[in-house]
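Engineer: Make a model of the complete structure from these sequences and hints.
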Amino acid sequence: MGGTAPQVLAIDLGTSGMKAALVAADGTVTGWAERALRLRVLPGGGAEQDPADWWTALGQVVADLGRAHPDALRAVDTVCASTQGEGTIAVDAAGEPLTPCISWLDMRGAAHLRRQFGGFPAYQGFSVRRIARWLRLTGGMPSPSGKDPAAHMLFVRDELPAVYERTASFLNVLDWINLKLTGRTVATVDSILTSWVTDNRRPGDIRYAPALVADCGIDAAKLPPIVACTEVIGTLCPAAAAHLGLPRSVRVVAGAVDTSAAAVGAGTTGDRQPHLYLGTSSWIAAHVPTKKTDVRAGIAAVPCAVPDRYLMTALQATAGANLTWLRDKVVEYDDPLLGAGHVDRDEGSIFDAFDAIIPGVPPGANGVFYTPWLYGERAPVDDPDLRAGFFNISLDTNRSDLLRAVFEGVALNTRWVAGAVDRFLGTPVTSMAVTGGGALSDSWCQIFADVLGVEIRRDAQPLAVNVRGAGWIGAVGTGRVDFADLPELMRNDRVFEPDPTHRATYTELFAVYRQLHRQLAPVYRRLNRR
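Quick note on full-length UniProt numbering: the sequence shown kicks off at 1 and runs consecutively.
Note that these hints are calculated values from the structure, not bench results.
Cβ coordinates follow ideal geometry from the N, Cα and C atoms, glycine included.
Keep in mind that the hints are not guaranteed to be accurate.
[As the list claims (entries may be wrong)] Simulated DEER-style distance windows between Cβ atoms:
#1 Ala221 - Ala111: 21 to 27 Å
#2 Ala93 - Glu488: 44 to 50 Å
#3 Thr427 - Glu159: 46 to 52 Å
#4 Gly119 - Val512: 40 to 46 Å
#5 Leu39 - Arg494: 31 to 37 Å
#6 Ala221 - Gly3: 48 to 54 Å
#7 Arg494 - Ala162: 55 to 61 Å
#8 Gln60 - Leu489: 26 to 32 Å
[Claimed, not checked] Below, in silico cross-link-like pairs of lysine-lysine (DSS-like), each with a Cα-Cα straight-line distance of 30 Å or less:
#9 Lys222 - Lys291
#10 Lys222 - Lys292
#11 Lys180 - Lys222
Structural biologist: Below, the structure written as structure tokens:
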């Protein structure tokens, strides 16, 4: 190893790509490598990925790391993964996949979910009695859209009965990666959450709830054993060691799904320390000491990577997706903004291009409003019928106004979410960490500070938040650091303070934003309800 500190090989498996990095216990990220992944969108609401593609991509990115950082790769003694959540893979007794991964975007199980859990009286197709039991034991409930394992498993049971009979275990994405790494079949306390079969009332003792398992429609034997995110679940099995070019002695820590890992990677592991993640979607999350659910706002505190805590998460359906839509669908084909966002260019360059334009437009975007509901909304209202829109456009409106309005619209929606978060936490948030790809924009960070009226602390490496989180979970699991140490280890590159001269403007805009929702929600329901 020479003088290189011990390293965690941190895996970050998202929907769009496989990323891996080398992370030290102090949070230093020594480079990363990435490979794009394909998502198959199928008729009838299907969305799938091939797990074999994940495994191939993982071998490739580790080989890339070895070429770029050979000493650091030789210093790896731990592997830990962060992955997309709410996907489902049926595997046989030998651990081989019987299905592609049914993605978190897949809605084909929705009807099966309603048949399994219906009853009178009902809410969103589910028996009210069952909803009450889910909320009491788990803190949440299945998505009526069918976009989680509770529905995926029923889809396999009802639509693919031969596959169901051969299924030894249903695994989430993280669980399958861990199976490939160690040969051991387990689920973590957060990967099993959206199967909605666990008793989560004691954070240090997450276990299957017999009543929920009996009611879920899936054979109990097909549900994997549950472990803590920080548990060392084994060492690399021979095939994994050969595939990754690492010794068999390398330990594997169970890891976490992306939301849990980001909360660790953001350094916000203390109680009620919020972070704002800005990716394709966005969320405000904070660790809290007790299980709690705000049904009306769609916010829950659920099991997470920190063993004696829950993670409150308030999810906004689309954030950066609005910018991607703007870039790909609105600007001209030869526009420099489009070229700035090309996949083979620096990931920050599209934000550099936006940042050259946004400051030239005053707060309020010269009267233009934008609602960012491209894919409905999750919190603080759960409404799949909502849609995005520009408002108050005139002959004087130009593209720069539209750009700023999009940035402000996402921030105004986040202020709406933040009000529910303040009530949930029982104290007003005055300072918030920001991370994820959207944090690369100076303009957006300042807009968030102004709209929310809080200090915004920017992650110095916002694109590395998930790999850093996986690295830190691995370091905690092997005893090199403690979760309580992480806030002090976290590195920020800039603090954005709210500009008091913009306070009145954004207070008025927020009131108008709420009015737009109240008046337009019935219109969108009429247009989009099928």
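Engineer: None of the hints should be skipped; say for each whether it holds.
Structural biologist: To see whether the hints hold, each was checked on the structure:
1. Ala221 - Ala111: 21 to 27 Å: With Cβ atoms ~25 Å apart, the hint holds.
2. Ala93 - Glu488: 44 to 50 Å: Check passed, 46 Å falls within 44 to 50 Å.
3. Thr427 - Glu159: 46 to 52 Å: With Cβ atoms ~47 Å apart, the hint holds.
4. Gly119 - Val512: 40 to 46 Å: 41 Å, holds
5. Leu39 - Arg494: 31 to 37 Å: Given range 31 to 37 Å: holds, Cβ gap about 34 Å.
6. Ala221 - Gly3: 48 to 54 Å: 50 Å, holds
7. Arg494 - Ala162: 55 to 61 Å: Once the Cβ atoms are compared, 56 Å apart, the range 55 to 61 Å for Ala162 and Arg494 holds.
8. Gln60 - Leu489: 26 to 32 Å: 30 Å, holds
9. Lys222 - Lys291: 27 Å, holds
10. Lys222 - Lys292: 29 Å, holds
11. Lys180 - Lys222: 18 Å, holds
In terms of the numbered hints stated before, the structure departs from none.
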